[in-house]
Amino acid sequence: MHEQTILALAEDLRARRYSSVELTRHYLERIARLNPDLNAFITVAAEPALAAAGRADAALAAGTAEPLTGIPIAHKDIFCTRGLRTSCGSRMLDTFIAPYDATVVERLATAGAVVLGKTNMDEFAMGSSNETSWYGPVRNPWDHTRVPGGSSGGSAAAIAARLCAAATGTDTGGSIRQPAALCGITGIKPTYGRCSRWGMIAFASSLDQAGPMARSAADAALLLQAMAGFDPRDSTSIDTPVPDYTAGLNQDLAGLRIGLPKEYFGDGLDARTAASIDGAIREYEQLGARVSEISLPNSPLSVPVYYVVAPAECSSNLARFDGVRYGHRCQSPADLEDLYQRSRAEGFGPEVQRRIMIGTYVLSAGYYDAYYLKAQKIRHLIADDFKRAFTRVDVIMGPSSPTTAFPIGAKRDDPVAMYLSDIYTIAANLAGLPGMSIPVAPVDGLPVGLQIIGNYFEEGRLLNVAHRLQQETHWHCAVPTGCA
Amino acid sequence: MALDQSDVEKIAHLARLALPAAACTRYAHDLSNILALVAQMDAVDTAGVAPMAHPLHQTQRLRPDVPTEPDQRAHFQSIAPQTDGGLYLVPRVIE
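Note that the protein sequences, when read in sequence, are chains A and B.
Be aware that the first sequence starts at 1, since it is given in this note's numbering, and climbs by one per residue.
Be aware that the second sequence starts at 1, since it is given in this note's numbering, and climbs by one per residue.
Keep in mind the hints are simulated off the structure, nothing from the lab.
Just so it is clear, CB atoms sit at the ideal spot from N, CA and C, and this is done for glycine as well.
Worth double-checking, as some hints may not be accurate.
What the hints assert, rightly or not - 25 Å max Cα-Cα, derived SDA-like pairs, lysine to any residue:
#, chain 1, residue 1, chain 2, residue 2
1, A, K387, B, L35
2, A, K377, A, Y367
3, A, K377, B, L35
4, A, K387, B, Q40
5, A, K262, A, D244
To be verified - Footprint (simulated), chain A over chain B, 3 or more residues, beta carbon under 8 Å:
#, segment
6, 19 to 30
7, 88 to 94
Could you build all of it, start to finish, from the sequences and the hints given here?
What follows is the structure in structure tokens.
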């Protein structure tokens with residue numbers, strides 16, 4: 001059962017080859033067997049999952065099933081789930097039971113999906129390796145000594161290991177695309193504002209975006225269909241109609257104009273990763289696409305700009321964690337100041353503290369113009385690069401990550417080296433554009449991700465472009481040893 | 001820009017983080033490295049460039065000023081560290 005795509009599972013459920021309860025139990029057994037080693041889940045919700053599966057079976061019997069009815073998925077532990085712990089990978093929220101569901105959670109529940117549990121992640125989504133989690137690192141199913149990427153590393157590993165049919169993720173600087181690449185799965189970060197951020201614990205509010213992670217573009221399309229759409233509760237949600245993503249999957253790619261930014265293929269890109277990306281581009285040429293070189297001259301500034309904008313917003317967003325209304329509170333505070341300072345020092349791990357302090361510094365009196373304002377100006381230049389590029393090409397392609405998965409611990413003590421893992425993904429967040437990662441030919445048995453960036457609200461085109469390659473190739477069908 | 005231990009102590013205070021001295025020394029090193037990365041921005045001429053406010057140039061939506069949420073105080077306070085009579089409790093602030 002776990003080998004099937006969502007489409008195939010849905011068909012089997014409708015044909016009563018097995019029930020959603022049986023399917024859910026099957027996934028729960030896999031989680032019990034494989035998760036102790038992988039650490040992809042922080043919380044497994046067996047009882048609520050089986051209850052939801054029972055309701056799904058009733059809907060299937062009554063003929064009122066939706067496309068995702070009875071399909072077992074998982075949520076990144078950044079999405080608030082009513083009655084189920086939402087830790088955000090942090091000691092700060094180790095005992096936090098959200099009083100409400102995030103809009104994305106609510107929408108997927110309405111679409112009939114069964115939630116198996118909450119997946120591990122870098123603390124407050126700050127990290128590119130899943131090593132900053134209070135709950136310990138996630139192991140990459142392809143090589144247990146390596147990282148799965150981050151911050152949505154638990155979701156990516158869970159999908160690669162077939163512990164769920166699909167999962168949600170969030171992407172502030174590459175947190176869907178980079179782990180998708182390192183774990184050999186498909187992930188899409190939609191346009192900023194496409195999916196509601198309500199109930200999604202905020203990291204950097206001008207960059208954060210939710211998206212689906214799945215085994216294939218066709219499966220991701222089904223999830224995005226349920227997740228996307230206007231939400232009045234999110235003030236940055238955009239009121240634009242959601243197209244039928246599945247209907248557009250099979251469009252012909254003849255004449256598709258692909259742009260390859262020369263900045264994405266320079267020094268720093270591993271040569272064998274580059275060869276794998278080239279192989280995928282050649283497949284697209286076979287499908288009738290036309291490839292040309294483009295330039296995004298300001299994109300090398302993405303990482304510096306991001307490490308001003310994201311920490312600045314994080315220092316503001318994380319000010320709410322004060323030990324008063326919810327979350328960790330220190331023992332026997334001497335006074336209010338002590339309560340704040342020790343609760344936050346104990347509740348936040350080192351990477352979160354680093355980013356809060358960078359953000360506090362760049363926003364402090366006298367430094368605002370030199371850092372935050374300057375960064376927001378360069379951000380404009382980065383977005384303008386893309387605007388110019390999209391007058392000449394339909395999609396932009398390149399690597400999702402400069403290397404394959406690195407060993408656990410390799411970059412843990414060097415924050416700047418870790419930050420450079422997201423060198424190809426951050427620009428799309430700064431510009432607010434949709435981006436996707438799909439598996440291409442592996443290197444030494446480790447997955448490689450092709451990144452596809454589209455114009456605003458062109459998620460449908462990205463899914464179409466990804467799906468057509470997945471019809472012609474089998475890279476996305478590979479399963480890690482021991483997970484078959 | 002390189003930060004020293006006393007800079008980090010000041011920043012940590014602004015961010016309300018109680019950090020031991022050893023941590024401040026370590027963070028001074030890390031934060032200085034991050035600021036060195038960020039300093040790449042200095043080489044860019046941004047004269048006449050407007051700061052980006054929103055990628056799609058959206059402005060904040062307004063809604064009618066009417067209550068949309070029911071009172072859920074008891075529900076929300078059920079996860080608070082310390083409450084009494086519907087109030088959140090903190091150490092005494094006023095003598």
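Checked hints:
About 29 Å separates the Cα atoms of K387/A and L35/B, which puts this hinted pair outside 25 Å; it is violated. The straight-line distance between the Cα atoms of K377/A and Y367/A is roughly 15 Å, inside the 25 Å bound, and the hint therefore holds. Between K377/A and L35/B the alpha-carbon distance is near 18 Å, which keeps this suggested pair within the 25 Å criterion. Taking the CA atoms of K387/A and Q40/B, the gap is about 23 Å. The hint holds against a cut of 25 Å.
Simply put, K262/A and D244/A have alpha-carbon atoms about 33 Å apart, too far for the 25 Å limit, and the pair is violated. By the rule of at least three residues with a Cβ nearer than 8 Å to a Cβ of chain A, the coverage given for the segment 19 to 30 of chain B holds, with 3 such residues. Given a C-beta distance limit of less than 8 Å, the hint that chain A covers the segment 88 to 94 of chain B holds, as 5 residues qualify and 3 suffice.
This entry does not satisfy hints 1, 5, going by the numbered hints stated previously.
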